[in-house]
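Just so you know, the protein sequences line up as chains U, V and S, in that order.
One point on numbering: in the numbering used here, the residue at position 29 of the first sequence is 29, and numbering is uninterrupted.
Remember, the numbering used here sits 321 above the position in the second sequence when you count from 1.
Remember, the numbering used here sits 642 above the position in the third sequence when you count from 1.
There may be inaccurate statements among the hints.
Capping the alpha-carbon separation at 35 Å, the derived lysine-lysine pairs in DSBU-like fashion look like this [unchecked claim]: (1) U:Lys183 <-> S:Lys869; (2) V:Lys557 <-> V:Lys491; (3) S:Lys878 <-> V:Lys480.
Don't read these hints as lab results, they were simulated from the structure.
Computed from a predicted structure; not experimentally measured.
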Amino acid sequence: PLFDADNLKHIKQEMVSPPALPKHEQVAEGDPVVVEVTFFVEEKEMEIAPGVKTWGLTFNGTVPGPLIVVHQDDYVQLTLINAATNTMVHNIDFHAATGAMGGGDISNVAPGEQVTFRFKATKAGVFVYHCAPGGIMVPLHVVSGMNGAIMVLPRDGLKDELGNPVRYDKAFYIAEQDFYIPKDENGNYKEYDSPAEGFPDLITSMKTLLPTHLLFNGKMNALTGDKALEAKVGEKVLFITSQANRDTRIHLIGGHADLVWLGGSFNDAPATNYESWSVVGGSAVAALYQFRQPGTYTYLNHNLIEAILFGAVAQLEVEGD
Amino acid sequence: PLFDADNLKHIKQEMVSPPALPKHEQVAEGDPVVVEVTFFVEEKEMEIAPGVKTWGLTFNGTVPGPLIVVHQDDYVQLTLINAATNTMVHNIDFHAATGAMGGGDISNVAPGEQVTFRFKATKAGVFVYHCAPGGIMVPLHVVSGMNGAIMVLPRDGLKDELGNPVRYDKAFYIAEQDFYIPKDENGNYKEYDSPAEGFPDLITSMKTLLPTHLLFNGKMNALTGDKALEAKVGEKVLFITSQANRDTRIHLIGGHADLVWLGGSFNDAPATNYESWSVVGGSAVAALYQFRQPGTYTYLNHNLIEAILFGAVAQLEVEGD
Amino acid sequence: PLFDADNLKHIKQEMVSPPALPKHEQVAEGDPVVVEVTFFVEEKEMEIAPGVKTWGLTFNGTVPGPLIVVHQDDYVQLTLINAATNTMVHNIDFHAATGAMGGGDISNVAPGEQVTFRFKATKAGVFVYHCAPGGIMVPLHVVSGMNGAIMVLPRDGLKDELGNPVRYDKAFYIAEQDFYIPKDENGNYKEYDSPAEGFPDLITSMKTLLPTHLLFNGKMNALTGDKALEAKVGEKVLFITSQANRDTRIHLIGGHADLVWLGGSFNDAPATNYESWSVVGGSAVAALYQFRQPGTYTYLNHNLIEAILFGAVAQLEVEGD
Ligand SMILES: [Cu+2]
Ligand SMILES: [Cu+2]
Ligand SMILES: [Cu+2]
Ligand SMILES: [Cu+2]
Ligand SMILES: [Cu+2]
Ligand SMILES: [Cu+2]
Ligand code: NA
Ligand code: NA
Ligand code: NA
Ligand code: NA
Ligand code: NA
Ligand code: NA
Ligand SMILES: [Zn+2]
Ligand SMILES: [Zn+2]
Ligand SMILES: [Zn+2]
Ligand SMILES: [Zn+2]
Ligand SMILES: [Zn+2]
Ligand SMILES: [Zn+2]
Ligand SMILES: [Zn+2]
Ligand SMILES: [Zn+2]
Ligand SMILES: [Zn+2]
Numbered sequence: 001p002l003f004d005a006d007n008l009k010h011i012k013q014e015m016v017s018p019p020a021l022p023k024h025e026q027v028a029e030g031d032p033v034v035v036e037v038t039f040f041v042e043e044k045e046m047e048i049a050p051g052v053k054t055w056g057l058t059f060n061g062t063v064p065g066p067l068i069v070v071h072q073d074d075y076v077q078l079t080l081i082n083a084a085t086n087t088m089v090h091n092i093d094f095h096a097a098t099g100a101m102g103g104g105d106i107s108n109v110a111p112g113e114q115v116t117f118r119f120k121a122t123k124a125g126v127f128v129y130h131c132a133p134g135g136i137m138v139p140l141h142v143v144s145g146m147n148g149a150i151m152v153l154p155r156d157g158l159k160d161e162l163g164n165p166v167r168y169d170k171a172f173y174i175a176e177q178d179f180y181i182p183k184d185e186n187g188n189y190k191e192y193d194s195p196a197e198g199f200p201d202l203i204t205s206m207k208t209l210l211p212t213h214l215l216f217n218g219k220m221n222a223l224t225g226d227k228a229l230e231a232k233v234g235e236k237v238l239f240i241t242s243q244a245n246r247d248t249r250i251h252l253i254g255g256h257a258d259l260v261w262l263g264g265s266f267n268d269a270p271a272t273n274y275e276s277w278s279v280v281g282g283s284a285v286a287a288l289y290q291f292r293q294p295g296t297y298t299y300l301n302h303n304l305i306e307a308i309l310f311g312a313v314a315q316l317e318v319e320g321d
Numbered sequence: 322p323l324f325d326a327d328n329l330k331h332i333k334q335e336m337v338s339p340p341a342l343p344k345h346e347q348v349a350e351g352d353p354v355v356v357e358v359t360f361f362v363e364e365k366e367m368e369i370a371p372g373v374k375t376w377g378l379t380f381n382g383t384v385p386g387p388l389i390v391v392h393q394d395d396y397v398q399l400t401l402i403n404a405a406t407n408t409m410v411h412n413i414d415f416h417a418a419t420g421a422m423g424g425g426d427i428s429n430v431a432p433g434e435q436v437t438f439r440f441k442a443t444k445a446g447v448f449v450y451h452c453a454p455g456g457i458m459v460p461l462h463v464v465s466g467m468n469g470a471i472m473v474l475p476r477d478g479l480k481d482e483l484g485n486p487v488r489y490d491k492a493f494y495i496a497e498q499d500f501y502i503p504k505d506e507n508g509n510y511k512e513y514d515s516p517a518e519g520f521p522d523l524i525t526s527m528k529t530l531l532p533t534h535l536l537f538n539g540k541m542n543a544l545t546g547d548k549a550l551e552a553k554v555g556e557k558v559l560f561i562t563s564q565a566n567r568d569t570r571i572h573l574i575g576g577h578a579d580l581v582w583l584g585g586s587f588n589d590a591p592a593t594n595y596e597s598w599s600v601v602g603g604s605a606v607a608a609l610y611q612f613r614q615p616g617t618y619t620y621l622n623h624n625l626i627e628a629i630l631f632g633a634v635a636q637l638e639v640e641g642d
Numbered sequence: 643p644l645f646d647a648d649n650l651k652h653i654k655q656e657m658v659s660p661p662a663l664p665k666h667e668q669v670a671e672g673d674p675v676v677v678e679v680t681f682f683v684e685e686k687e688m689e690i691a692p693g694v695k696t697w698g699l700t701f702n703g704t705v706p707g708p709l710i711v712v713h714q715d716d717y718v719q720l721t722l723i724n725a726a727t728n729t730m731v732h733n734i735d736f737h738a739a740t741g742a743m744g745g746g747d748i749s750n751v752a753p754g755e756q757v758t759f760r761f762k763a764t765k766a767g768v769f770v771y772h773c774a775p776g777g778i779m780v781p782l783h784v785v786s787g788m789n790g791a792i793m794v795l796p797r798d799g800l801k802d803e804l805g806n807p808v809r810y811d812k813a814f815y816i817a818e819q820d821f822y823i824p825k826d827e828n829g830n831y832k833e834y835d836s837p838a839e840g841f842p843d844l845i846t847s848m849k850t851l852l853p854t855h856l857l858f859n860g861k862m863n864a865l866t867g868d869k870a871l872e873a874k875v876g877e878k879v880l881f882i883t884s885q886a887n888r889d890t891r892i893h894l895i896g897g898h899a900d901l902v903w904l905g906g907s908f909n910d911a912p913a914t915n916y917e918s919w920s921v922v923g924g925s926a927v928a929a930l931y932q933f934r935q936p937g938t939y940t941y942l943n944h945n946l947i948e949a950i951l952f953g954a955v956a957q958l959e960v961e962g963d
């Protein structure tokens, strides 16, 4: 069935780092296209909090990986490149795809290899993708940061709870990552010379089911202070949040979800006026808020312990009057 | 009010072991009936994972107990038989029932006794049932496996999000059970000569709120490999999942919930196109997917640590082209 | 924009202790009003379970604080009084408010001070409020009990899933509070001479993410036995439950949610016939049940370990025939 796509127009989508989204139209122009995306696997040491280093397994060097944006019935043609300098086999499972383990079955690449495959984005919504190289490697790679999301917009754009068109002025992709960094007998975070060296301890740490860090966009304070997000009074801002592994609950201090597409489905009417909304492990959810007042806003996991002590907090500066 | 049921036709429903469902019609034929069901309590030692034994408290010898299927406004007439060889008082609380603690108040049976009671299934949906013998015995029996679910179909069958009839070609009942198996000082799982002997340790273990196992249908790998579920391309498969105690989040790798009846309510329009869906502790949820492609699919708790390290995984083999 | 409110009628709402609600009309009479509410901060030692004492930080001396009831488009004019005998700065963040960190930015009061501010209740639903004095103080104050909820009714009252008016005969406010009481090396709960003295240990305890108590209305057995709630057969009872910090899942043994406003939004059609419903951390949810049969009912967190071993249980006695 994918051969049908050969006659379609091909478009390259340049990936950008979260919280930014790639350039895209909210309403599709013309027929479905093939959206070509390239992901480079990067295994890299990351300092996720002051003095806390871990081996990140990443798509394109960021946790989460880049947000892909397409329209329903477009095809995604993904090229996954695993540099020879990496040490592990990786792949990618798209929750937006159908069959073949979401692509996991046809995208395994050893270091030095690359693979290209295509899937049709048949369902509109926001969906997680992640590395899923089989068995215990699945949670190990996912909690090492190897996950992201795709937004599949309806061809005619988003609609509110009454079925009327709704457009956003700005959009941010904010993912929560649960880390389980192993500690030594003195309670100090351990470091390793390679991802594989750390895996036995990481398995032990994951078994506690208790994360050591819950970080928005991969690093403590990645989106606060100087790096706070920005918006203007009157703007409708779309917030896309994914959590690839563990349940979270999102709240915007001083704001609300005017609209929230529960479960991430753009095929269902959004719920309205939520104070806090669930993002279950293995899902992405989108919420829209129109800012009414200037000031500082906080976007957080409203388990306040997880927000403040584990790091799941972002800030927005909203200008205007 | 239950006397009204005396003039209704009585039907016996033969229980079968999960993941199978008893024989049933999707659309009710004629007037409401009294569906007679017999549950035998079995207290039995079970090996839930290699080398891990626990005292299972079960309805009909399986974890979960059998799925009952009726139509809205049918009566369920349940006979609960507690063999003299058992050691404990048990009962049954149906979340589908009204009043009398869901039946818990009128179904207590000591070993060697049996009880029969009736309730009208007034609400359409999938609902948990479980043993609830009071106080601390409630969680002890539930986390020892004594729970299951009932599906109460609308008399005219299921409907999709637009209100159109939808029929399934096949249905599976997959429950997640959280176990809290006590360990000795060396970290080895302990065994006991009777359920009661293990309860003090089990209380201590439950207090951690951290399960040792999260198993689909009562046993590690109960539904994988040789025992994978089977379906064909084009089939609409209904998946009913219950979790009697602890929140879970379900995902079908390579597929979706085309339809998911959140909260298990068949009275509400289903949500569509979910990648992962919540099943909160003490609830059952139904999701339908039409398989488009052949291959292996994985049905799992998408906390990937809970899936891979704790056992919450099933597989499906889908044939066709 | 708040100046607009100066010409509106002002009404004082007398606060009452949960589970009671203040006197209110279900359908608004006339134009929007300014509802004046006074909250007294009380820092007080509380015995939350036999032999377990902790420093409660409270609004009006109860955990949760009082439920406020207004109608959509009313203004809430809150006076927050921090007695000179208290030891800490407090404030209040209303999830029902817009901007200014939900009011947190404009309501900080040191001991001996008071503040009055106003917000317009633009969105209909049930919403959490809580103290949010910044940084680590936020979870410390919230898990010390400093939270409650407001109900913002639609001006024309509640509607069922079909859009028809629905009225309740009685309403109860039941909040679940997660406590993290520190223990000494012998496993005994510790006591402190002031809130601040206990905070270092409380931070350590919160970091476990594992509560020691999950209590309805602030105290073990606050709503059971002699203190069980009361209703009559035929009555429609509205249950408002908030959890300011941690996810819970609510069930009514022997009953259901005939209607449940998920996420607490009265702007969305309620879901129907839920057996158990999610209340994510940082949210309030309302559910309505019409009692059909007399007897004892139990309203609980359906993680049965959390209900029975951690305390999240209430009872209702329903009279009639
Ligand atoms: Cu990977
Ligand atoms: Cu996945
Ligand atoms: Cu039992
Ligand atoms: Cu129950
Ligand atoms: Cu406070
Ligand atoms: Cu809050
Ligand atoms: Na989603
Ligand atoms: Na739909
Ligand atoms: Na259900
Ligand atoms: Na309905
Ligand atoms: Na709410
Ligand atoms: Na609405
Ligand atoms: Zn191309
Ligand atoms: Zn990988
Ligand atoms: Zn999927
Ligand atoms: Zn009969
Ligand atoms: Zn039992
Ligand atoms: Zn029930
Ligand atoms: Zn006044
Ligand atoms: Zn305070
Ligand atoms: Zn808010």
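Legend entry - Which numbered hints fail: 1
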